[in-house]
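Okay, here's what each chain looks like letter by letter:
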Amino acid sequence: MTYALLITAFVISTCGLIYELIAGTIASYLLGDSITQFSTVIGVYLFSMGIGSFLSKYVEKNIAFTFVQVELLVGVIGGCSATLLFLLFNQIDNFRILLYSLVAIIGILIGLEIPLLMRILQDRLDFKDLVSQVFTFDYVGALLASLLFPLVLVPYLGLIRTSFLFGLFNLGVAVWTIHLFRNELPYKNTLKSTAYLLIFALVCGFAFADKLMGIAEAATFQDPVIYSTSTPYQRIVLTGNSKDLRLFLNGNLQFSSRDEYRYHEALVHPAMASINAPKDILVLGGGDGLAVRELLKYPSVQTITLVDLDKEMTVLFKNQGMLTRLNQNSLNNSKVKVIINDAFIWLRTTPQKFDLAIIDFPDPSNYSLGKLYSDTFYKTLKNVLKPGGMVVVQSTSPFYAKNSFWCVDQTLRSVGFNTTPYHAYVPAFGDWGYVIGSLAPFKPASQTAYPAGLRYVSADTLPPMLCFAKDMLPTVSSVNKLNNQSLVHLFESEWGEYVDAH
Amino acid sequence: MSTPISRAVFLKVLAGCGIAAVAGKLALDAPYLKGSKEKIRCRMLGPSSKIGHRLRQAAGNEKVSGTQSTRVTIIGGGIAGLSAAWWLKKYGVNDFIILELEKEVGGNSASGSNPYGAFPWGAHYVPIPNTESLYVRQLFEELKIIQGYNAAGEPIYDELMLCHEPQDRLYKDGAFHEGLVPKRGLQTDESAEVARFFELMLSFRRATGSDGKQAFTIPLDLSSQDQNFIALDSISMSQWLNDNNFKCKPILWYVNYCCRDDYGSSTENVSAWAGIHYFAGRRGTAANSEPNAVLTWPQGNGFLVEKLKAPLKGCIRNNLMASAVKQKGNKVLTTCLHSDTNEYSAIESDFVIFAAPRYVAAHVIKDQKQPDTAHTHSNDFGLSYAPWMVANISLRQLPDSRGLAPAWDNVSYYSDSLGYVISNHQEISTRQKPTVITYYFPLSQMQPKAARQKLLQSTEEEWSRIIIEDLKGMHPNIEKDIISIDLWPWGHGLIRPSVGLIWGETRKRMKEAKGNILFAHSDMSGMSNFEEAQYHGVEAAKMVLEKLES
Ligand SMILES: Cc1cc2nc3c(=O)[nH]c(=O)nc-3n(C[C@H](O)[C@H](O)[C@H](O)COP(=O)(O)OP(=O)(O)OC[C@H]3O[C@@H](n4cnc5c(N)ncnc54)[C@H](O)[C@@H]3O)c2cc1C
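So the protein sequences, as listed, match chains A and B.
Residue numbering for the first sequence follows my numbering, starting at 4 and increasing by one per position.
Residue numbering for the second sequence follows my numbering, starting at -3 and increasing by one per position.
Incorrect hints may appear among the rest.
Unchecked claim - Derived Cβ-Cβ restraints for the label pairs, each shown as a range:
#: 1; chain 1: A; residue 1: PHE57; chain 2: B; residue 2: GLU458; range: 58 to 64 Å
#: 2; chain 1: A; residue 1: SER496; chain 2: B; residue 2: PRO472; range: 25 to 31 Å
#: 3; chain 1: B; residue 1: PRO472; chain 2: A; residue 2: GLU315; range: 29 to 35 Å
#: 4; chain 1: B; residue 1: ILE152; chain 2: A; residue 2: ASP213; range: 45 to 51 Å
#: 5; chain 1: A; residue 1: GLN305; chain 2: B; residue 2: ASP154; range: 53 to 59 Å
#: 6; chain 1: A; residue 1: LEU91; chain 2: B; residue 2: TYR28; range: 38 to 44 Å
#: 7; chain 1: A; residue 1: THR478; chain 2: B; residue 2: ASP154; range: 30 to 36 Å
#: 8; chain 1: B; residue 1: LYS86; chain 2: A; residue 2: PRO158; range: 20 to 26 Å
What the hints contain is simulated information worked out from the structure, not anything from laboratory work.
Quick reminder that beta carbons are idealized off the backbone N, C-alpha and C, glycines included.
Could you put together the complete structure from these sequences and hints?
Printed below as a string of structure tokens:
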């Protein structure tokens, strides 16, 4: 029995340290700055353990009974701690209060464990052995936990599963203790069934950890989700309230119906209005049909070819009532031809020629997207333009990612385009940038060339859009190539900085 | 619009045009890997080792069903044989036959494809060539891999073929880092040693010998004969590292990795000249990339095989093994065995370009002086070959990993394998779909003979297990994403540049023509790569052209 109880010391100390590490790691994931997070979590935890130890003296009778209760509590709270932190991160205003309360509760309970255990053992060992043995097992457990956590648990199980697993160990200790003291414990059956119930709950948690993670992510949207689907390429989520419809792809905002007109007018009209009677237009990306809606305002247009990778995205924007209202049913217009293909691959084989190509790809946040902003891509693009043709490229924010923005500009110039960079303020995104690449020098259009009814772009608002303040000028210069992907590197560091700071 | 940082995903498309479908399709009837919860199909493919064994039994006086005649017989349709043909055709000789024992040409540069893409079975890249690698440059111009030259005379390469960024990453201390040289977490003295090593290699790269030639170049036969450098061939690379006081683990690991990567052998079994050549022999530059960039394709050097093969229709005879080659007067008689029908036939020609591995010659070439004896050892040079296992693994998606995003070449500091290459890396699609990775494992830990036995006797189950466990070191969750594992054991993968082979007597004798039989395989360099294979192919063709004229 003595030996069995010493093993218990080992298990509970391992569990205790694991909870502390989980809290520290999640705090660094969610809040950043791992040094601060880890040291505050450790501090609060150790201090709470002190409180727990102090409180232990108030436990007078029935120590084994209290010990079992403490184990049940540690098991369920510690076991659910990772899930709680992840799920509630987006739900509550002050995450730190939740974090430190949770750490404190677990710390207090853990602080109670060892003193109680020692008192259970005090009649079985003399004091010298008792202290030496309990602490030996305690510290060995700590070593094991600190090694297992980074090397095995996080990579193989992940945080949520790890926390459930160790919760189960605590519950196991509870069951074991109930068994050892089966002749002395009051409410034995109640304790037992509580323990089994909790074990069942944690096993379920362990088994459905992936689903839990999914719920944690779904909780990130502000407005009610009115439609969502997963295509092979992305997760499409539409959220809406009475005034605002928003589209998210893989959790990233694509547009808000309140201000998307600014984004799309700025994308289309400066280039489009400057061309004399444009006929054949190419749109790459932009399966939402919103750029096409703007293009259809020009009566000279004869064909619009839209190439998008994601069939379901275009089907959605052809058929869903709320969305066809937004894009004015543009994708069902007889001038529009939708092609489902990879833009780069399609471009290399098409014999068609265009007056204007509108490039509305996702930002260059990974290497496969980075290829769509490379000089090789722009060379290919040049080949599908008619003499005097143009392209316009959405080029991320010249404020948040100025070097990325100017890298697009320089890459277009490196393959022989004349470039005209400009930017527009879109509240949902901030200051947003575009670059026109033209085979002949770009001449802004006069007001008569713009279609009627525009709300943002006009002959008067264009000149300031062409102006860049000092804080938007580049500090490095580079051409994005397939074999350097310098844009992805720039983009990652620039947006990374911005994301870290908030 | 904005899509802030998400895990980089590499996306792919079926490479459109002609791919040598050595192992086409996913074999839907291949068995599932036992003992795995996942349904992983695995099968053992690979070069036909059985038919090769029949060589030993062939005596050279088998009954032949018919005799054909041609001016030149090329034995072996690897890079060397195909390059010989390329050169002959370029100079107006069209009357030749290429004999290839496999059902497709390509040899060590063979490739395959399945519904998820094309992939190599062996060679997967060519570094941008040196100025001295004239034939490579010439071929690359013809194939428009080189698209022009800038004002400084540097070639402009097709950028879809230059290896896209990120090129390589190394798994060490729990995460992937950029590049293959261990850099993170080094002690100052270790970093200093790494730096000293590269400085020394740079000076070798710049060095010229007393004969005015570059100390190390490609093709290696053009290198300086200065004793100061040649002497390096008589010690092993590990000896050289030790003599020069390179002791720390990161640099020893790195150099050993490079030797295993290029020669399939560890530093103890590679001569110092060869070991240094890896770092000092390449000085290619390009107008549109960093120096020392590499050219690669989804199907690896199978791309070049396809291009070389395309104009040779009608000249290539597959499933035909040369079993005996004899000089008869001023003609050469080649006996060949059809692997499908088991029949023999003969070809009479003015010349034979022997572009099969050099050890095969010992069994095939029958000496005139002792006619019809099966084993004439005048051709057996005791060459040593490194056995390899190559596996193409189809994955539902690229495995998660910590640190740097997936690169073309992905290596672990802790593994005996060389890691894997993502064959879809060069594709320009952003489509998310299953992908194929090519895994390389030279059996350099064991003696070649024992290793060869292990390689060929272990079952697909055993190999698949070894590979999955190895990959789990980098990607703990990879098993659930595996669709299939196709294995390709190379019994005699690559010649090993053992101590003394490159600049000793052996190689001189290996290169000597035997009457009208000329030798062209990359073995003739003592090390195997595209440039050397092509060089010997072209040189042999040139000699034939000279003799045909006179
Ligand atoms: C796993 C692996 C990876 C490699 N990676 C690279 C790389 O990335 N880059 C690089 O440059 N090099 C690489 N190599 C080196 C590769 O060997 C060379 O690039 C090149 O393919 C060698 O060509 P070869 O013609 O000299 O020889 P082989 O490829 O050996 O060609 C010989 C041909 O002869 C045939 N043959 C043999 N016996 C007979 C017979 N009796 N009758 C008829 N035909 C016969 C064979 O089937 C074969 O097709 C790699 C090699 C291996 C094994």
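Subject >> Hints that the structure is at odds with (numbers, increasing) >> reply: Hints 5 and 8 contradicted; others consistent.
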